[in-house]
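S.K.: Sequence:
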Amino acid sequence: MREYLKFYIGGEWTDPAQLQTFDIVNPATEEVCGRVANGSAADVDRAVQAARAAFPSWSASSVADRLDLLRNIAAEYQNRAKDLASALTEEMGAPNALANGFQVDLATGHAATAIEVLERYSFEELRGSSLIVKEPIGVCGLITPWNWPMNQIAVKVFPALATGNTMVLKPSERSPFTGQIFAEILAAAGVPAGVFNL
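Plus 1 on top of the position in the sequence shown (first one is 1) and you've got my numbering.
Everything labelled a hint here was simulated from the structure, so no lab data went into it.
A portion of the hints provided could be inaccurate.
[Unchecked claim] SDA-like, lysine to any residue: derived pairs with alpha carbons at most 25 Å apart:
1. LYS83 x ASN27
2. LYS171 x GLY110
3. LYS83 x ARG36
4. LYS7 x GLY35
5. LYS157 x ALA188
6. LYS135 x TRP147
7. LYS83 x ILE144
8. LYS7 x ASN27
Please build the complete structure, drawing on both the sequences and the hints.
M.R.: Next comes the structure, spelled out in structure tokens:
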């Protein structure tokens, strides 16, 4: 049985402000397959503060640095693909073939797309005598549904990272395992503290 009782905030696995847990039920077996911590407003505030603190440096990072990080994440993601597929099967009852062959692979494609677009994207555009500069917007709140957890995490996180934004991810309480593993992947890939928070 999986147990995730910490949050990833400011580059560290931290205890919740107040430990309250709930069980995760595998819908295919109707059996409890894990237990996770339930976040509070205080936990969200800490995560947002960490993301705000990281924003000035991350938003000023170079395209080359962001590309390096995205490539590191993509490589680490491949290393953990089987763990993610197993988590998908447990948390949402996905058949192994769907979890391995489709759900996990979709996120790989989103990473590749973010890298490809960032390699050729121009953050500055001259229109006549005006210079249009596209800048990171700030802290992104990312809330994902239960039914396509890895796809929805990837389709939000990769573009946010590529464009220099920081973020707080709140995965669905019905399928939180993939979010936890994804946070482990980002930590292992070297995401700067506070850029990604869970």
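S.K.: A separate judgement is required for each hint: does it hold in the structure or not?
M.R.: Hints, one by one, checked against the model:
1. Of the pairs offered as hints, the one joining LYS83 and ASN27 holds, with about 18 Å between alpha carbons and a cut-off of 25 Å not exceeded.
2. Restraint check: the Cα-Cα separation between LYS171 and GLY110 comes to about 22 Å, which is no more than 25 Å; the hinted pair holds.
3. Distance restraint check for LYS83 and ARG36: the Cα-Cα separation of roughly 20 Å lies within the 25 Å cut-off, and the hinted pair is therefore satisfied.
4. Taking the CA atoms of LYS7 and GLY35, the gap is near 14 Å; set against the 25 Å cutoff, the hint holds.
5. Straight-line distance between C-alpha atoms of LYS157 and ALA188 comes to about 17 Å, which keeps the hinted pair within the 25 Å bound.
6. The hinted pair formed by LYS135 and TRP147 fails the criterion: a straight-line CA distance of about 32 Å is larger than 25 Å.
7. Among the hinted pairs, LYS83 with ILE144 is consistent with the structure: their alpha-carbon atoms are about 24 Å apart, no more than 25 Å.
8. Distance hint between LYS7 and ASN27 is fulfilled; the C-alpha atoms sit about 21 Å from each other, no more than 25 Å.
Checked against the numbered hints given earlier, this structure breaks only hint 6.
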